[in-house]
Amino acid sequence: MPSPNQRDRVPVRQPRNAAHRLHVRVLSLGLIIAILLSAWGCHFPQDWLLENVLVLAALPVLWAIYRKLPFSRLSWTLVFLFYYLHELGAHYTYSNVPYDVWWQSLFGRSLNEMMGWERNHFDRLVHFLYGLLLAYPVREIFLSLARARGFWGYFLPLDLVLSSSALYELFEWAAAEIFAGDIGVAYVGAQGDFWDAQKDMALAMTGALIALLITLAVNLRYQRDFAREWAMSLRVKSRSTEI
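Taking this note's numbering, the leading residue of the sequence shown gets 1, the next gets one more, and so forth.
By construction, these hints were calculated from the structure, which means they are not laboratory data.
Incorrect hints may appear among the rest.
[Claimed, not checked] Okay, the calculated beta carbon distance ranges per label pair:
hint : residue 1 : residue 2 : range
1    : M232      : N96       : 46 to 54 Å
2    : W103      : R224      : 44 to 52 Å
3    : L37       : K68       : 39 to 47 Å
4    : W103      : L74       : 35 to 43 Å
5    : R224      : M114      : 40 to 48 Å
6    : R16       : A174      : 36 to 44 Å
7    : V61       : A174      : 31 to 39 Å
8    : A19       : V55       : 47 to 55 Å
9    : L36       : W173      : 40 to 48 Å
10   : R67       : G116      : 23 to 31 Å
All C-beta atoms, glycine included, are put in the ideal place defined by N, C-alpha and C.
Given the sequences, and given the hints that come with them, work out the whole structure.
As structure tokens, this is what we get:
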């Protein structure tokens with residue numbers, strides 16, 4: 001695996017070896033299996049279909065990334081892990097994933113009671129993991145496509161995670177307005193919380209911030225020119241031509 005210093009300086013697509021291709025194919029096969037298992041006996045078929053609209057829309061994007069960008073195996077693993085968790089939520093509906101039942105079967109106590117929770121928090125967990133798991137892959141995209149360096153290599157992924165989270169909340173609202181009834185309620189999964197959308201966005205931002213702070217700490221330790229690159233990224237560039 002390249003060092004942080006090496007990865008930050010990779011502007012072009014790198015050849016993938018056999019191990020990398022096998023890794024992505026295994027993860028892809030796992031996603032196909034996860035989708036099939038999620039669809040089999042799903043608790044709310046209409047909601048399952050709605051939950052997977054964005055999954056299908058993202059597949060061409062993932063294919064383009066695989067073909068064109070030097071995505072690391074770590075990033076692929078993080079992306080697919082998020083999709084596996086999403087399919088779990090789609091199977092039960094996010095408001096009804098029985099994590100508390102599973103916890104009690106393992107430890108003999110209710111997690112909700114231990115934490116003082118009065119609602120199903122699986123949806124909140126996945127919003128948090130959206131930021132935690134996807135901020136690093138998004139950073140790799142910015143490093144490759146936009147050659148983001150220094151401060152911008154951390155700010156832009158955080159900005160995209162937060163803005164895409166807000167866009168998803170708008171998509172949820174629109175879907176609830178269009179479909180209404182039980183489908184809309186199941187898809188939004190607010191569970192009566194007036195501030196559900198804001199809390200979801202805050203959790204996504206928090207997850208992304210944690211991931212990027214960890215990345216920053218690693219680069220600060222191992223990237224020899226970290227300070228110079230950070231300073232250069234905040235320097236005002238001179239214009240080459242008049243507007």
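Status of each hint after checking the structure:
At roughly 50 Å, the beta-carbon separation of M232 and N96 lies within the given 46 to 54 Å, and the hint holds. A beta carbon spacing of about 45 Å between W103 and R224 agrees with the range 44 to 52 Å that was offered as a hint. A C-beta distance of roughly 30 Å is found between L37 and K68, which places it outside the suggested range of 39 to 47 Å. Separated by about 28 Å at the C-beta atoms, W103 and L74 break the suggested range of 35 to 43 Å.
Evaluation of the 40 to 48 Å hint for R224 and M114 yields a pass: the beta carbon distance comes to about 45 Å. One distance hint, 36 to 44 Å for the beta-carbon pair R16 and A174, holds here, with the actual separation near 38 Å. Look at V61 against A174: about 21 Å separates their beta carbons, and that is not inside 31 to 39 Å. A C-beta distance of roughly 26 Å is found between A19 and V55, which places it outside the suggested range of 47 to 55 Å.
As the Cβ distance of L36 to W173 is approximately 30 Å, the hint placing it in 40 to 48 Å is violated. A hinted range of 23 to 31 Å is violated for the C-beta pair R67 and G116, which are about 48 Å apart.
Comparing the model with each earlier hint shows violations of hints 3, 4, 7, 8, 9 and 10; every other hint is respected.
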